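Respectively, the protein sequence lines represent chains A and B. In terms of the working numbering, the first sequence is residues 352 to 517. In terms of the working numbering, the second sequence is residues 698 to 985.
Possibly wrong hints are sitting among the right ones.
Derived list of chain A stretches under chain B, where covered just means 3 residues or more per stretch with a C-beta under 8 Å from a C-beta of chain B [claimed, not checked]: (1) 427–435; (2) 443–453; (3) 472–482.
In silico DSS-like links for lysine-lysine, alpha-carbon gap of 27 Å or less [what the hints assert, rightly or not]: (4) K729(B) <-> K431(A); (5) K749(B) <-> K427(A); (6) K371(A) <-> K427(A); (7) K749(B) <-> K431(A); (8) K815(B) <-> K890(B); (9) K729(B) <-> K856(B); (10) K890(B) <-> K856(B); (11) K856(B) <-> K371(A); (12) K371(A) <-> K729(B); (13) K832(B) <-> K464(A); (14) K459(A) <-> K389(A); (15) K459(A) <-> K371(A); (16) K982(B) <-> K856(B); (17) K890(B) <-> K982(B); (18) K431(A) <-> K856(B); (19) K890(B) <-> K749(B); (20) K815(B) <-> K928(B); (21) K814(B) <-> K982(B); (22) K814(B) <-> K856(B); (23) K856(B) <-> K464(A); (24) K832(B) <-> K856(B); (25) K464(A) <-> K431(A); (26) K982(B) <-> K832(B); (27) K815(B) <-> K832(B); (28) K815(B) <-> K982(B); (29) K814(B) <-> K890(B); (30) K978(B) <-> K459(A).
Worth flagging that the hints you see were computed from the coordinates, not collected in a lab. For clarity, every value in this text was computed on a predicted model and none was experimentally measured. Where a beta carbon is used, it is the ideal one built from N, C-alpha and C, also for glycine.
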Amino acid sequence: MPGPILYSTNPWFATQIADKYRGGVYLAWVCECFDSSKAPPSSAASHIAPSSNPRSIYQRLREDCEAEEGHSELIKGYRKTFIRLARAWSADGSITNDHCDEIIATVKSPSWKIWRPVLYVIPRADIERAGRLNSIRRPDRAGYGPEQQIVDLLRHEFDIIELGPP
Amino acid sequence: MIEILDHYDRRTAAGLLARASLALQSGEGGEKSIVDNEAAVREALIAQARLKLGIKPDDEGPEVIEQIGSYFDDESDRLAGNPHTRAAFERLITRGDLPSDLYDIRIIPNVQNLYGKKFERERVFIERTIRTPTKEQHFGPPASENEPYLISLFAREFKTPYPLRDFTMLVAGKRMLERTLEIHQAWRLYGSKVNLDNPQDLVELLRRFADVYGADILVDGQRGRFFLTAKKVERTTRLDIPAGREIMVTHFGQTNPQSGGRYAALVVAIDLGLYRATLDKLDYKDVS
Numbered sequence: 352m353p354g355p356i357l358y359s360t361n362p363w364f365a366t367q368i369a370d371k372y373r374g375g376v377y378l379a380w381v382c383e384c385f386d387s388s389k390a391p392p393s394s395a396a397s398h399i400a401p402s403s404n405p406r407s408i409y410q411r412l413r414e415d416c417e418a419e420e421g422h423s424e425l426i427k428g429y430r431k432t433f434i435r436l437a438r439a440w441s442a443d444g445s446i447t448n449d450h451c452d453e454i455i456a457t458v459k460s461p462s463w464k465i466w467r468p469v470l471y472v473i474p475r476a477d478i479e480r481a482g483r484l485n486s487i488r489r490p491d492r493a494g495y496g497p498e499q500q501i502v503d504l505l506r507h508e509f510d511i512i513e514l515g516p517p
Numbered sequence: 698m699i700e701i702l703d704h705y706d707r708r709t710a711a712g713l714l715a716r717a718s719l720a721l722q723s724g725e726g727g728e729k730s731i732v733d734n735e736a737a738v739r740e741a742l743i744a745q746a747r748l749k750l751g752i753k754p755d756d757e758g759p760e761v762i763e764q765i766g767s768y769f770d771d772e773s774d775r776l777a778g779n780p781h782t783r784a785a786f787e788r789l790i791t792r793g794d795l796p797s798d799l800y801d802i803r804i805i806p807n808v809q810n811l812y813g814k815k816f817e818r819e820r821v822f823i824e825r826t827i828r829t830p831t832k833e834q835h836f837g838p839p840a841s842e843n844e845p846y847l848i849s850l851f852a853r854e855f856k857t858p859y860p861l862r863d864f865t866m867l868v869a870g871k872r873m874l875e876r877t878l879e880i881h882q883a884w885r886l887y888g889s890k891v892n893l894d895n896p897q898d899l900v901e902l903l904r905r906f907a908d909v910y911g912a913d914i915l916v917d918g919q920r921g922r923f924f925l926t927a928k929k930v931e932r933t934t935r936l937d938i939p940a941g942r943e944i945m946v947t948h949f950g951q952t953n954p955q956s957g958g959r960y961a962a963l964v965v966a967i968d969l970g971l972y973r974a975t976l977d978k979l980d981y982k983d984v985s
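With these hints in hand, go ahead and build the complete structure from the sequences.
What follows is the structure, given as C-alpha cells:
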C-alpha cells in the first residue's frame with residue numbers, strides 16, 4: 352500500500368527556477384518512499400531503481416557538491432536537463448530570452464551551491480485526489496518500481512528540507 | 698545541420714530540438730505543440746539523427762537515446778548561440794539572484810581591524826557563510842524611496858563541542874558589478890546573548906544583535922543603535938561616549954537610482970568592547 356508522503360530530491364537550483372521563472376510552479380519526479388532500498392522486499396517500491404531512489408540521489412548529489420566533483424555524472428545530467436528546459440520554455444514563450452540566458456549562464460557557471468540537494472516532502476492525498484499524480488510509463492522509468500511525476504506542484508503543497516550529514 | 702529546421706527561426710528550432718531531447722530522455726516535451734504537427738517534425742528529426750549517427754531505426758537502447766539527445770544538444774547550442782552571460786549575470790546581481798558562491802569576496806578594512814590577529818580565522822567563517830548560507834536575504838532595486846539597495850545578508854550556524862559556544866555568523870555585504878561582494882559587517886551571534894529564535898528575516902537578526910551590543914547614536918534627529926536607512930550618517934551623530942569605550946558605526950553608502958540622492962542603509966553602532974568580551978569568553982578553537 353503506498354505511503355501518505357511522496358519524496359523528491361532535486362538540486363537547489365530547481366527551486367530557484369520554479370520561484371523566479373515559472374511563477375512558483377514546481378515540477379517533481381516523485382517516489383512513494385524516501386529510501387526504496389529499505390522498502391519491504393515484496394513491495395512495488397522495492398523495485399525502484401537506485402538511480403530513482405530519493406535517498407541515493409540525495410547522497411550522491413551531496414557528496415559530489417562537497418567534493419566539488421567536476422566529473423559528476425549526476426550534475427552533468429541536471430545541467431543538460433536545465434538547458435533543454437530553458438530552451439523549450441523560451442521557444443514556447445513561457446520565459447523570455449533574457450530568462451533563458453540567465454538559466455543557462457547559471458548552470459554553466461562554476462557555482463556548486465546551485466547543485467546542493469534539497470528534498471521535497473509532499474503529502475500525497477490532495478495531489479492524488481485531484482488527479483495530478485502522473486504515473487511514468489515503463490520505458491521512461493529506470494526500474495520496474497513505480498515512479499510518478501507532478502508538473503504543477505505549488506509551494507504551499509509541500510515542504511523543502513535539507514538533511515544533515517549522515 | 699538538420700534541414701527540416703530551416704523552416705523555423707533559430708529560437709524555435711533550438712526549442713524544437715530541446716523538446717525532442719526531453720521527450721527522448723523522459724517523455725517530457727511539452728503538452729502543446731509549438732509548431733504545426735510537431736510530432737511529425739520530431740519523428741523526422743530523430744530519423745535524420747539516426748541516419749547521421751549511423752544508428753539502426755529499431756535501436757532504442759539507453760546509450761542510443763543518450764547519443765541522439767547529445768546530438769540534438771549540440772545542434773541546439775549551435776542554433777541558439779552562446780548566452781549573453783555578462784548581461785545575464787548583471788541582471789542576476791541587480792536582483793540578488795546570482796548564486797553567492799560566484800562572487801569575489803572583498804572584506805573592508807574595518808572588519809579586518811575588528812578581528813585583528815584573529816581575522817584570518819574569521820575570514821574562513823565569513824567566506825563559508827557566504828558560499829553556503831543557511832539563510833540569505835537580498836535587497837534588489839528599491840520598491841520605494843530609500844530602501845536598502847544591492848545589499849545581501851547571509852547567516853550560517855557554526856558548531857563547537859559545546860552548544861553554549863555554538864554561534865550564528867551574520868554577514869552583510871554590498872553587491873557590486875563585476876561579481877564582487879564587498880563585506881561591511883560580519884558578526885558572531887551567540888544564542889546565550891542574542892535571541893536567535895524565529896527572526897522574521899536577517900535584518901531582524903541584525904537589529905537584535907544591535908540591541909545587545911549597540912550604543913546609541915543620533916541619526917536624522919533620532920536616537921538609536923540600528924537604522925534600516927538614514928539620510929545622513931556623520932561622525933558628529935555619535936552621542937557622548939564614555940572614555941575607554943570604542944564604538945564602531947558602520948553602514949552602507951547608497952545612491953538612489955532614480956534621484957541620485959545619497960543615503961545610508963543598515964546603520965549600526967556597536968560597542969566593540971562589549972562584543973569582543975563575548976568573543977573572548979565564548980570563542981572555542983574547534984569550530985565546524
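task: Would you list, in rising numerical order, the hints stated earlier that this structure does not obey?
output: 3, 9, 11, 14, 18, 19, 20, 30
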